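Listed in order, the protein sequences are those of chains C and V. Residue numbers for the first sequence follow this note's numbering, so the first one is 1 and each next one is one higher. Residue numbers for the second sequence follow this note's numbering, so the first one is 1 and each next one is one higher.
Everything labelled a hint here was simulated from the structure, so no lab data went into it. Every value quoted in this text rests on a predicted model; they were computed, and no experiment measured them. Where a beta carbon is used, it is the ideal one built from N, C-alpha and C, also for glycine. Careful: at least some of the hints might be erroneous.
Result set (DSSO-like, lysine-lysine): computed pairs, CA atoms no more than 30 Å apart in a straight line [as the list claims (entries may be wrong)]:
| no. | chain 1 | residue 1 | chain 2 | residue 2 |
| --- | --- | --- | --- | --- |
| 1 | C | Lys78 | C | Lys59 |
| 2 | V | Lys156 | V | Lys78 |
| 3 | C | Lys55 | C | Lys78 |
| 4 | C | Lys13 | V | Lys129 |
| 5 | V | Lys2 | V | Lys220 |
| 6 | V | Lys129 | V | Lys78 |
| 7 | C | Lys78 | V | Lys209 |
| 8 | C | Lys41 | V | Lys155 |
| 9 | V | Lys160 | C | Lys78 |
| 10 | V | Lys2 | C | Lys78 |
| 11 | C | Lys13 | V | Lys156 |
| 12 | V | Lys74 | V | Lys40 |
| 13 | V | Lys220 | C | Lys78 |
If we take Cβ atoms under 7 Å as the criterion, some of the chain V residues that face chain C in the derived model are [as the list claims (entries may be wrong)]:
| no. | residue |
| --- | --- |
| 14 | Leu108 |
| 15 | Cys112 |
| 16 | Pro139 |
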Amino acid sequence: MATFNVHVTIENKPGISDPEGETILNDLVLKGTHSAISKIKTAKMLKFTIKEKDKKSAKTKVQEICDELRIYNPMVSKVIIDVFDA
Amino acid sequence: MKVGVIVFPGSNCDRDMYHVLTDVFKLDAEYFWHEKGLPKNIDAVILPGGFSYGDRLRSGAIAAHSPIISDVRKMAEKGIPILGVCNGFQILVEAGLLPGALLKNTSLNFMCKWTNLIVENNNTPFTNKLKLHQQIPIPIANGEGRYYVDNETLKKLKKKNQIVFRYSEVVNGSTDRIAGVCNEDGNVVGMMPHPERATESEINPIDNKPSSLIFESLIKTIGVKN
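Isolated chain C, as found in the complex (with noise of 0.2 Å):
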């Protein structure tokens, strides 16, 4: 077994909106000279520490947490997960 970082992102599904992505750029980044951002979205990352056997087993254990404890509400919001060495 080996001790595993996994990063899980949760966040709007296109099509919801994100008001507080659109005024960070609207209203900060957009008014700097940044020009060249076009897009801003919001998102909570929750980071997992586990021990498993590889980073495919940590992958599905944890996507499985997620589902079944609803961590992410399925009607608004994806969550992305990415495993890290710990």
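Based on these hints, arrange chain V on the given structure of chain C.
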């Protein structure tokens, strides 16, 4: 006849609800802590407003896994009237007892103001004494009150008459101005505005009668002589 008021860590409208049930409408009510079960002789259940678990993760998401929710689920299946107000609505949604999601208001602000509701379904245990399209002056107090459903679910809600209340005007960006919905059977109702803050003339500067009819509907449903 007994109404159960569930108390979660962080509930803060439980006492207002209990006061309205007992002092205003003379109902027999009892508090139930979320870690315990509900007795079988409960005739209606109310999940009050507040900030259960400090809105951690997102409003209602953690309380939706409290032990008492499995009993609420059983009672919902039996057809017992269940009302979720504000955070109670968020908990019912997160528990999957009502469809949709409650997102941050478009303004990103906590909104505390009087709104005007329109009754869209007067066949629920909490609206059967109201007239269809009757208006209800009522306050909201929430940060995550923007009701969202996708188009497919919205069509289903309309078809099955699950939209119970709409705001009379755009308040917070809710899909189709929805302020309250029910399950397919109609016995589980959730609403963001606070009827317990609107039933007494002393604290309702507009008209306390329409909000009172929400509780009088419950009395009619569970058969209590008032």
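Consistency of the hints with the structure:
Proximity of C:Lys78 to C:Lys59 is assessed by CA-CA distance (about 15 Å); at most 30 Å being required, the pair is judged to hold. Restraint check for V:Lys156 and V:Lys78: satisfied, since their Cα atoms lie roughly 22 Å apart, inside the 30 Å limit. Simply put, C:Lys55 and C:Lys78 have alpha-carbon atoms about 20 Å apart, close enough for the 30 Å limit, and the pair holds. Straight-line distance between C-alpha atoms of C:Lys13 and V:Lys129 comes to about 39 Å, which puts the hinted pair past the 30 Å bound.
Note on V:Lys2 and V:Lys220: the hinted pairing holds, with a Cα-Cα distance of about 13 Å set against a maximum of 30 Å. Proposed proximity of V:Lys129 and V:Lys78 is supported: the alpha carbons are some 22 Å apart, at most 30 Å. At most 30 Å may separate the alpha-carbon atoms for a hinted pair to count; C:Lys78 and V:Lys209 exceed this at roughly 43 Å. Taking the CA atoms of C:Lys41 and V:Lys155, the gap is about 28 Å. The hint holds against a cut of 30 Å.
For the hint linking V:Lys160 to C:Lys78, the alpha-carbon distance of about 27 Å falls within 30 Å, and the restraint holds. Of the pairs offered as hints, the one joining V:Lys2 and C:Lys78 is violated, with about 41 Å between alpha carbons and a cut-off of 30 Å exceeded. For the suggested pair C:Lys13 and V:Lys156, the alpha carbons sit about 20 Å apart, so the restraint of at most 30 Å is met. Restraint check for V:Lys74 and V:Lys40: satisfied, since their Cα atoms lie roughly 10 Å apart, inside the 30 Å limit.
As the CA atoms of V:Lys220 and C:Lys78 are separated by approximately 43 Å, the hinted pair breaks the 30 Å bound. Evaluation of the V:Leu108 hint against chain C yields a held restraint, the C-beta minimum of about 6 Å falling below 7 Å. The interface hint given for V:Cys112 is violated, since its Cβ lies 19 Å from the closest Cβ of chain C, which is over the 7 Å cut-off. With a cut of 7 Å, the hint placing V:Pro139 at the interface with chain C is violated, because the nearest CB-to-CB distance is about 23 Å.
When each numbered hint is compared with the structure, violations occur for hints 4, 7, 10, 13, 15 and 16.
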